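Undergrad: So you can see what is in the structure, the chains are spelled out below.
There are 2 protein chains.
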Amino acid sequence: MANFQKLTPRGEDYSKWYNELVVKADLAEQSAVRGCMVIKPYGYAIWETIQQELDRRFKAKGVKNAYFPLLIPKSFLSREAEHVEGFAKECAVVTHHRLMNDPNGKGVVVDPNAKLEEELIIRPTSETIIWSTYKNWISSYRDLPILCNQWCNVMRWEMRTRLFLRTAEFLWQEGHTAHATKEEAEDFAREMLDVYSDFAESVMAIPVVKGVKSPNERFAGALNTYCIEAMMQDGKALQAGTSHFLGQNFAKSFDVQFLSNENKYEYVWATSWGVSTRLMGALIMTHSDDNGLVLPPHLAPIQVVFVPIFKTQEQLDAIMARVNPICDALKAKGIRLKVDSSEKSTPGFKFADYELKGVPVRLAMGGRDLENGTIEVARRDTLTKETLSLEGIEDVIVKLLEEIQANCYKKALDYRLAKTRICDSYEEFKTEIQKGGFLLCHWDGTQETEEKIKAETKATIRCIPLDDMPGFPKEPGRCMVTGRPSARRVVFALSY
Amino acid sequence: MANFQKLTPRGEDYSKWYNELVVKADLAEQSAVRGCMVIKPYGYAIWETIQQELDRRFKAKGVKNAYFPLLIPKSFLSREAEHVEGFAKECAVVTHHRLMNDPNGKGVVVDPNAKLEEELIIRPTSETIIWSTYKNWISSYRDLPILCNQWCNVMRWEMRTRLFLRTAEFLWQEGHTAHATKEEAEDFAREMLDVYSDFAESVMAIPVVKGVKSPNERFAGALNTYCIEAMMQDGKALQAGTSHFLGQNFAKSFDVQFLSNENKYEYVWATSWGVSTRLMGALIMTHSDDNGLVLPPHLAPIQVVFVPIFKTQEQLDAIMARVNPICDALKAKGIRLKVDSSEKSTPGFKFADYELKGVPVRLAMGGRDLENGTIEVARRDTLTKETLSLEGIEDVIVKLLEEIQANCYKKALDYRLAKTRICDSYEEFKTEIQKGGFLLCHWDGTQETEEKIKAETKATIRCIPLDDMPGFPKEPGRCMVTGRPSARRVVFALSY
Numbered sequence: 001m002a003n004f005q006k007l008t009p010r011g012e013d014y015s016k017w018y019n020e021l022v023v024k025a026d027l028a029e030q031s032a033v034r035g036c037m038v039i040k041p042y043g044y045a046i047w048e049t050i051q052q053e054l055d056r057r058f059k060a061k062g063v064k065n066a067y068f069p070l071l072i073p074k075s076f077l078s079r080e081a082e083h084v085e086g087f088a089k090e091c092a093v094v095t096h097h098r099l100m101n102d103p104n105g106k107g108v109v110v111d112p113n114a115k116l117e118e119e120l121i122i123r124p125t126s127e128t129i130i131w132s133t134y135k136n137w138i139s140s141y142r143d144l145p146i147l148c149n150q151w152c153n154v155m156r157w158e159m160r161t162r163l164f165l166r167t168a169e170f171l172w173q174e175g176h177t178a179h180a181t182k183e184e185a186e187d188f189a190r191e192m193l194d195v196y197s198d199f200a201e202s203v204m205a206i207p208v209v210k211g212v213k214s215p216n217e218r219f220a221g222a223l224n225t226y227c228i229e230a231m232m233q234d235g236k237a238l239q240a241g242t243s244h245f246l247g248q249n250f251a252k253s254f255d256v257q258f259l260s261n262e263n264k265y266e267y268v269w270a271t272s273w274g275v276s277t278r279l280m281g282a283l284i285m286t287h288s289d290d291n292g293l294v295l296p297p298h299l300a301p302i303q304v305v306f307v308p309i310f311k312t313q314e315q316l317d318a319i320m321a322r323v324n325p326i327c328d329a330l331k332a333k334g335i336r337l338k339v340d341s342s343e344k345s346t347p348g349f350k351f352a353d354y355e356l357k358g359v360p361v362r363l364a365m366g367g368r369d370l371e372n373g374t375i376e377v378a379r380r381d382t383l384t385k386e387t388l389s390l391e392g393i394e395d396v397i398v399k400l401l402e403e404i405q406a407n408c409y410k411k412a413l414d415y416r417l418a419k420t421r422i423c424d425s426y427e428e429f430k431t432e433i434q435k436g437g438f439l440l441c442h443w444d445g446t447q448e449t450e451e452k453i454k455a456e457t458k459a460t461i462r463c464i465p466l467d468d469m470p471g472f473p474k475e476p477g478r479c480m481v482t483g484r485p486s487a488r489r490v491v492f493a494l495s496y
Numbered sequence: 001m002a003n004f005q006k007l008t009p010r011g012e013d014y015s016k017w018y019n020e021l022v023v024k025a026d027l028a029e030q031s032a033v034r035g036c037m038v039i040k041p042y043g044y045a046i047w048e049t050i051q052q053e054l055d056r057r058f059k060a061k062g063v064k065n066a067y068f069p070l071l072i073p074k075s076f077l078s079r080e081a082e083h084v085e086g087f088a089k090e091c092a093v094v095t096h097h098r099l100m101n102d103p104n105g106k107g108v109v110v111d112p113n114a115k116l117e118e119e120l121i122i123r124p125t126s127e128t129i130i131w132s133t134y135k136n137w138i139s140s141y142r143d144l145p146i147l148c149n150q151w152c153n154v155m156r157w158e159m160r161t162r163l164f165l166r167t168a169e170f171l172w173q174e175g176h177t178a179h180a181t182k183e184e185a186e187d188f189a190r191e192m193l194d195v196y197s198d199f200a201e202s203v204m205a206i207p208v209v210k211g212v213k214s215p216n217e218r219f220a221g222a223l224n225t226y227c228i229e230a231m232m233q234d235g236k237a238l239q240a241g242t243s244h245f246l247g248q249n250f251a252k253s254f255d256v257q258f259l260s261n262e263n264k265y266e267y268v269w270a271t272s273w274g275v276s277t278r279l280m281g282a283l284i285m286t287h288s289d290d291n292g293l294v295l296p297p298h299l300a301p302i303q304v305v306f307v308p309i310f311k312t313q314e315q316l317d318a319i320m321a322r323v324n325p326i327c328d329a330l331k332a333k334g335i336r337l338k339v340d341s342s343e344k345s346t347p348g349f350k351f352a353d354y355e356l357k358g359v360p361v362r363l364a365m366g367g368r369d370l371e372n373g374t375i376e377v378a379r380r381d382t383l384t385k386e387t388l389s390l391e392g393i394e395d396v397i398v399k400l401l402e403e404i405q406a407n408c409y410k411k412a413l414d415y416r417l418a419k420t421r422i423c424d425s426y427e428e429f430k431t432e433i434q435k436g437g438f439l440l441c442h443w444d445g446t447q448e449t450e451e452k453i454k455a456e457t458k459a460t461i462r463c464i465p466l467d468d469m470p471g472f473p474k475e476p477g478r479c480m481v482t483g484r485p486s487a488r489r490v491v492f493a494l495s496y
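Heads up: the protein sequence lines correspond to chains U and Z, in order. Heads up: the first sequence is residues 1 to 496, going by the numbering used here. Heads up: the second sequence is residues 1 to 496, going by the numbering used here.
Just so you know, the hints here were simulated from the structure itself, not pulled from any lab data. These figures come from a predicted structure and were not determined experimentally. Just so you know, even glycine gets a beta-carbon here, dropped at the ideal spot from N, CA and C. Take these hints with a grain of salt, some might be off.
Unchecked claim - In the DSBU-like style, the derived pairs of lysine-lysine whose C-alpha atoms are separated by at most 35 angstroms in a straight line are:
1. K338(U) - K410(U)
2. K64(Z) - K252(Z)
3. K64(U) - K350(Z)
4. K16(U) - K135(Z)
5. K338(U) - K61(Z)
6. K419(Z) - K24(Z)
7. K350(U) - K344(Z)
8. K135(U) - K344(Z)
9. K6(Z) - K24(Z)
10. K59(Z) - K6(U)
Said to hold, decoys possible - Ranges between beta-carbon positions, derived for each pair:
11. D444(Z) - G334(U): 50 to 60 angstroms
12. K135(U) - R162(Z): 18 to 28 angstroms
13. E448(U) - R162(Z): 53 to 63 angstroms
14. G11(Z) - A329(U): 55 to 65 angstroms
15. T346(U) - L259(Z): 16 to 26 angstroms
16. R56(Z) - A487(U): 47 to 57 angstroms
17. R322(Z) - N261(U): 26 to 36 angstroms
18. Q257(Z) - D187(U): 17 to 27 angstroms
19. G62(U) - D55(Z): 42 to 52 angstroms
20. Q313(Z) - G62(U): 16 to 26 angstroms
21. K452(Z) - V23(U): 50 to 60 angstroms
22. G107(Z) - R488(U): 40 to 50 angstroms
23. Q313(Z) - K333(U): 41 to 51 angstroms
24. G107(Z) - D187(U): 30 to 40 angstroms
This is chain U alone, in the form it adopts within the complex (with noise of 0.2 angstroms):
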């Protein structure tokens, strides 16, 4: 049951806002695995939303899904230096196979006989396991290229973690692709970041910023990371997906060679991307407000929910009869739409409760409405509300909901461009910086100087754009902290 004691205002406590809105909302929780979430099914169906329009997306680059172990021998792990360095290090390590009654009493035991010869690891990520698998898959050119992706669940064991932000375990989509050569595989990972850019203005409506790490954000193992940055509403930046081209790292490390046309032996070229749950608190931190979630349309697994407001059943029979060839041709349309007659709670305690959970358009209709053949309109963005005739009504909900999908997206990027400045003094980012938002500096790309800024402001370099940013010329110039020559502003921020 929802929980109407009222959020903590973000102007308050930002923080404490978002933790108490994804267990209100009935997104997610803790669960009695320290760092593991329960995702619950309103959140989860907002995921599977997701899921459902990437995939479509991928598929229609030639992307295939597989399934690839949950397992990585533990030396799989060391075989790619760098990678190891990154990602071997925090991780849920499998020992033993076998528990056995307790000897000297109750509950179960580890059997100390059934341990591992080698320890396994629960994947923090797929690299290696799959390219494991690519060298048999490999032999020509002909079998190039592989365009595979999974839909699974990854584990890194994060010390300190936040529902949907960082958890141990999260779920994710993990692309991996095999090429022929270094160009096509860079176009990929390309191709792929512009699918996810596309995906997450159209659909989540969140403004992004695409752009190319620096090597010290840069994934390991990865000659090259391309990233989409977004901003929250407290000003921090949120990296909502990547794209990595992994040049020939992986095939050496794993030995996968193929015939060339030419009838050389080569080594393949790869890419890998994903996005993860963490997406769903780039949607949460990007739309909601004080009042509770707010839900672009084309996310929201209930987009128009209809309430009728009633004291008999002879009421309620009439408003239905009324609205029920509306709804139907609403469905008919491909709108989600729910029908709230249930006699558990009030109207009141029903309104609330929709605009906790972000449901973009509310209708009500009582004795009132069904008389004067009207219906009350109410949208979540902007909380207004209004009484609109019957007629035609379909046409306006269906206008409505694009609007309000328009409406979401635009206040995000005015939100986005009112906090995007140049700053070009050091001293003066340091205090900037503080304030939020994204900073377009000079810098003179060297990690010495990405290090410093980040140990002296805790801000990072969350990417450098691969486009024009609107408003802000790509010009050369001096870096901030060193004076040395800068070809073009990079953007920093605190992040998530």
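Following the hints, position chain Z against chain U.
TA: For chain Z alone, kept in the frame of chain U given last:
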């Protein structure tokens, strides 16, 4: 690349035929991790269709998807006494959460300082973690019923594994419901059995016997296990799905009570139900033949393949100009159609490959067909082909797919009926059971008798049928072993 060495014929070695087919048809393969499989894109595409079809049926019953943690605290397993006996023994145990660089050399080792206080188990099934969660979700009858399902991976440390049929890790769905009354829970468990049986028969074209398990074969912790049993081509039974009525066992173990509408605290009633990637094994062993896979059209990732036969680009262009409108029309009808005009391999090679992969209908057109306005139509199930006029060919193909679907089912049903017989003498039983098939026998209802039969013949009671089995009257009799009275015959078989 497909391997065109012929399959071992089923008559020679059924088990070898199966193992070869799974790999050669690109369905799955062994991975570098003992007992864990890689599900390849072609196999996974079939699994995705299974998922979609089942998911739609679950949702029509009001079931919602959710996600619960992969890891389960060891102590949870011992809460339900029978459950721990059935499940807690052979499982993957996580004992540590960190690796470190090997101080003595290369690679990584388990960090002894990162030992978990309590070991965690990779879920073999999720009743325990889910009921520990439901405790927080349920306080009043208003919170009931809860109808959740999750699609996920599970792990059981099997010693002898076979692709799809018995693997350490496998994919499945597990539904877990909570109800206010015993009747409602029992009804729901039965309803889900009907969902499974309808799905198996109408989508997978696998005839099944619906029944109840004898106490020996019950799920650990259940009061009643309902199942669907299918017969494979070698006469062995395969359990294709189960639905359990769990009574109040898990509610009591995790102390999940609710305030009833009569204002009394009561324990909640439970069901759980699941099917797994094992269904892929059932699919293969029900329909396929010595030439490879045979797929019922409702599940085939490619339902129709079109192979043009050409020597020059002009010929190809002329053929495609004629065929493209037909392909478009078929796709518009929702047919999953592939055009294979690649020059990487010959038509003969393609024919053999699509046959191996079980594509239900193969279309081919060469120069003479083009002149005559005809097309060659080959059926995978009967291995017959005929040359048909292009006039109205779309409708012919749509009808043909349904005919193939029905034929797959009928063939399997005829086989099962032919291999199902009555047996009233235990001496006769001992010989007959070795010939495979279902034996309908009277049994006295005791575990002793069941265990004696199993020990002496390896046969088990697959189920006590819920409905009349066609051709076999439901009549009382005397146990074939003890002569004690029996209300009706039960199904015995050797099984996977």
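Undergrad: With reference to the structure, classify each hint as holding or not holding.
TA: Right, here's what the structure says about each hint:
Distance restraint check for K338(U) and K410(U): the Cα-Cα separation of roughly 27 angstroms lies within the 35 angstroms cut-off, and the hinted pair is therefore satisfied. Annotation: proposed proximity of K64(Z) to K252(Z) holds, straight-line Cα distance about 24 angstroms (limit 35 angstroms). Annotation: proposed proximity of K64(U) to K350(Z) holds, straight-line Cα distance about 20 angstroms (limit 35 angstroms). Pair hint K16(U) plus K135(Z) holds up; C-alpha atoms about 25 angstroms apart against a cutoff of 35 angstroms.
Simply put, K338(U) and K61(Z) have alpha-carbon atoms about 16 angstroms apart, close enough for the 35 angstroms limit, and the pair holds. About 29 angstroms separates the Cα atoms of K419(Z) and K24(Z), which keeps this hinted pair within 35 angstroms; it holds. Annotation: proposed proximity of K350(U) to K344(Z) is violated, straight-line Cα distance about 61 angstroms (limit 35 angstroms). At most 35 angstroms may separate the alpha-carbon atoms for a hinted pair to count; K135(U) and K344(Z) meet this at roughly 21 angstroms.
Restraint check: the Cα-Cα separation between K6(Z) and K24(Z) comes to about 10 angstroms, which is no more than 35 angstroms; the hinted pair holds. Between K59(Z) and K6(U) the CA atoms are separated by roughly 32 angstroms; this keeps the pair inside 35 angstroms, and the hint holds. Range check, D444(Z) to G334(U): about 58 angstroms between beta-carbon atoms, so the 50 to 60 angstroms window is met. Checked against the given bound of 18 to 28 angstroms, the beta carbons of K135(U) and R162(Z), roughly 23 angstroms apart, stay inside it.
One distance hint, 53 to 63 angstroms for the beta-carbon pair E448(U) and R162(Z), holds here, with the actual separation near 56 angstroms. For the hinted restraint 55 to 65 angstroms between G11(Z) and A329(U), the CB-CB distance of approximately 59 angstroms keeps it satisfied. One distance hint, 16 to 26 angstroms for the beta-carbon pair T346(U) and L259(Z), holds here, with the actual separation near 20 angstroms. Range check, R56(Z) to A487(U): Cβ separation about 53 angstroms, and the 47 to 57 angstroms hint holds.
The given range of 26 to 36 angstroms is respected by R322(Z) and N261(U), whose C-beta atoms sit roughly 32 angstroms from each other. Between Q257(Z) and D187(U) the beta carbons are some 59 angstroms apart, a value that contradicts the proposed interval 17 to 27 angstroms. The beta-carbon spacing between G62(U) and D55(Z), approximately 24 angstroms, falls outside the hinted interval of 42 to 52 angstroms. The hint said 16 to 26 angstroms for the Cβ distance between Q313(Z) and G62(U), and at roughly 23 angstroms that hint holds.
Hint check: K452(Z) to V23(U), Cβ distance near 55 angstroms, so the stated range 50 to 60 angstroms holds. Our hint of 40 to 50 angstroms for G107(Z) and R488(U) holds, since their Cβ atoms are close to 41 angstroms apart. Q313(Z) and K333(U) have their C-beta atoms about 45 angstroms apart, which keeps the hinted 41 to 51 angstroms range intact. Distance hint check for G107(Z) and D187(U): the Cβ-Cβ separation is about 35 angstroms, which falls inside the suggested range of 30 to 40 angstroms.
Hints 7, 18, 19 from the list above are not met by this structure, while the remaining hints are.
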